[in-house]
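There are 4 protein chains.
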Amino acid sequence: MLANTLTRRVEWGDCDPAGIVFNPQFFRWFDHGTAMLYEAAGWPKQEMLARFGALGCPLVETRASFRAPCRYGDDVAITSEIAEVKQRSFDIRHTLRRGDVVCVEGFETRVWTVHDDERGLKSAPLPDELVQRFLAGGPADRS
Amino acid sequence: MLANTLTRRVEWGDCDPAGIVFNPQFFRWFDHGTAMLYEAAGWPKQEMLARFGALGCPLVETRASFRAPCRYGDDVAITSEIAEVKQRSFDIRHTLRRGDVVCVEGFETRVWTVHDDERGLKSAPLPDELVQRFLAGGPADRS
Amino acid sequence: MLANTLTRRVEWGDCDPAGIVFNPQFFRWFDHGTAMLYEAAGWPKQEMLARFGALGCPLVETRASFRAPCRYGDDVAITSEIAEVKQRSFDIRHTLRRGDVVCVEGFETRVWTVHDDERGLKSAPLPDELVQRFLAGGPADRS
Amino acid sequence: MLANTLTRRVEWGDCDPAGIVFNPQFFRWFDHGTAMLYEAAGWPKQEMLARFGALGCPLVETRASFRAPCRYGDDVAITSEIAEVKQRSFDIRHTLRRGDVVCVEGFETRVWTVHDDERGLKSAPLPDELVQRFLAGGPADRS
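Residue numbers (my numbering), protein chains in the order written: chain U, 1 to 143; chain G, 1001 to 1143; chain H, 2001 to 2143; chain C, 3001 to 3143.
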């Protein structure tokens, strides 16, 4: 399965008066982790959408478990990976670690959408080439 | 069960290049919805914590379902309500509506924590008075 | 001159580990204050742009002075007012108060822009009707 | 003078419905640029404050000029540098570039503060060692 890891330094403005990362911030990082996963598949998001004639990959479900707090100045690593590829949607698992400690686990379900004259957008089957990249691990098969 | 509704106008800065609310923003609103729920129980958050000698109510789990997009200028209402009160934690359900349309459903699990000499903080049973307020619907029993 | 005041409760997520509002948050509020000023002139932003065939009012300069901190739970009022109307741009002054205390003063310069075939957008003279509303104080002259 | 450059990829969530970076986001980046400048001086912010018995370096004035828009996916570089060191405050200049194009120029004035029994905090003269680092360009004099 395709996976990608990005690192971040926790910034002052990411944290709340308790001195820990304010929870919505993690969802910003996960959203970016997914965008970087598309790049790891071989295409920046806008290029991927244009190539396959898609409108977007809107989020329909997300969840997160918070196991350990992150603080200002912490260096964290976020690993984003394809967890499952379904016909018209796919799941991404995000694991945020500080060193060996798993601090947050996140999970997203996104739907592949194309233009629809009546409703604006509708779900559609994922293109085969994209599915191959998601399953294989990137532009060059690293499995 | 205690419930409270707040309203918001969707701002330009809440939205992404697709013209819809960027998903982490909903979690900011839910966090504030929970804070307003404490006020509906009778105490602003800091006052509630001080009264019961608690450290905080950290989020341990959250999830959301996105059913319909919200756009710049939309007026939305977020109803936050106690969904379940357990011994050391409680669940909050958030329902964001635009008119009659449910756009987002959110769910939080928070733990009641107190100071611990060794570990900094530890979970503790919810105070009876707080449980009563959560179950009854506010400072004056509106059930 | 046109003016409008909005109120906000300072939220937990607006504040940093020092327990005070993180400064970029003020610029979010000022941006929204300007949008509300357009509504006070008689048109929501998108409607105003459509009516006059404009592309937008991009910010070209902004500045702020921070005189007193704002904290979680504070109720603040932000007054946004047209400070000056020039031929192709206009200035907005924002004053954020907690009770009688001025906490932050902000200032924006925005340019009126229309579509340009070559460069995408170019500045243009403000429409007379808009200038009248900015100078007079709103849809009905309240001066 | 001390200077430091950091790079960022513009994220989806940094941008507004016009597809460009929402202006408050630049102030988040400038704030982080200043924190990284302290590290370039030889100390992470909290360590610097502890070493010199200071409370913080609150922002008292800031301003920015927006010359060219930044878009989703752009790689930008932010150079933060000490612009002037005064007795009780210092100025930082931030220059955000995309390639050779200067997109945003920012400017901050921050005050050195220490604890005061009566007022909570008060301004104080910058410590000599810090002034030396700010003027010289870092832990090893690179001037």
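Heads up, some of the hints might be wrong.
[Unchecked claim] Covered by chain H, per the in silico footprint, the following chain G stretches (three or more residues, Cβ under 8 Å): (1) 1011-1017; (2) 1044-1050; (3) 1113-1123.
Derived by calculation from the structure, the hints in this document are not laboratory data.
Treat the numbers as computed from the prediction; the structure is a model and nothing was measured.
Glycine included, C-beta positions come from ideal geometry on N, C-alpha and C.
Hint by hint, here is what the structure shows:
1. 1011-1017: holds (count 3)
2. 1044-1050: Three-residue rule met by the region 1044-1050 of chain G, so holds; n is 3.
3. 1113-1123: violated (count 0)
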